[in-house]
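Trainee: Take a look at the letters that make up each chain.
There are 2 protein chains.
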Amino acid sequence: MKARVTISLKNGVLDPQGKAIENALHGLGFDQANDVRQGKVIEFDLGNTSKEDAPAAVEKMCTQLLANTVIENYSIELLD
Amino acid sequence: MKARVTISLKNGVLDPQGKAIENALHGLGFDQANDVRQGKVIEFDLGNTSKEDAPAAVEKMCTQLLANTVIENYSIELLD
Numbered sequence: 006m007k008a009r010v011t012i013s014l015k016n017g018v019l020d021p022q023g024k025a026i027e028n029a030l031h032g033l034g035f036d037q038a039n040d041v042r043q044g045k046v047i048e049f050d051l052g053n054t055s056k057e058d059a060p061a062a063v064e065k066m067c068t069q070l071l072a073n074t075v076i077e078n079y080s081i082e083l084l085d
Numbered sequence: 006m007k008a009r010v011t012i013s014l015k016n017g018v019l020d021p022q023g024k025a026i027e028n029a030l031h032g033l034g035f036d037q038a039n040d041v042r043q044g045k046v047i048e049f050d051l052g053n054t055s056k057e058d059a060p061a062a063v064e065k066m067c068t069q070l071l072a073n074t075v076i077e078n079y080s081i082e083l084l085d
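Chains as they are written, first to last, in the working numbering: chain A, 6 to 85; chain B, 6 to 85.
A couple of the hints might just be wrong.
Identical copies carry no separate label here, and so any pair may be met within one copy or between two of them.
As the list claims (entries may be wrong) - Within a straight-line C-alpha distance of at most 30 Å, the following computed DSBU-like cross-link-like pairs (lysine-lysine) qualify: (1) Lys24 - Lys56; (2) Lys65 - Lys15; (3) Lys56 - Lys45.
Just so you know, the hints here were simulated from the structure itself, not pulled from any lab data.
Generate the whole structure from the sequences, applying the supplied hints.
Mentor: In structure tokens form, the structure reads like this:
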């Protein structure tokens, strides 16, 4: 079983990296791209963790290490 | 219309950031997490770009700026 955790900054939190990408896109002529936000995606294998235990385990990983819940949101996808 | 571009390192490319996360997870007792890979996700608004033009435009942004196609794969999702 595999897990994919997507971590993005909460609304209202400044995203200088996203802003830099936006400026670069505009510089290349892609003026239609706006409101650029950059996040992280972390993928990993869960070995033979059961389908029942996986959501709680990954949730715990997110709150303890992967995401800074003060400024970041996370979403979890479990893939077979 | 919004676009989400997910960028991940190609298989075989070393991922020291993923390795660091893996070690930290093991240190916290999450021994089931293995083969950790970290990627990026870039979300942005495409304004009133039409559904027909959007895929080609985002593809062009990826190859020109967002992804380093020598070592990275990218996937594009378009959201209404």
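Trainee: Give a verdict on every hint.
Mentor: Going through the hints against the structure:
1. In this homomeric assembly, Lys24 and Lys56 come within 30 Å of each other (Cα to Cα) only across copies, at 24 Å, whereas the closest approach inside a single copy is 39 Å.
2. In this assembly of identical chains, the alpha carbons of Lys65 and Lys15 lie at most 30 Å apart whether taken from the same copy (19 Å) or from different copies (28 Å).
3. With identical chains, the CA atoms of Lys56 and Lys45 are at most 30 Å apart both within one copy (24 Å) and between copies (26 Å).
The structure agrees with every numbered hint stated previously.
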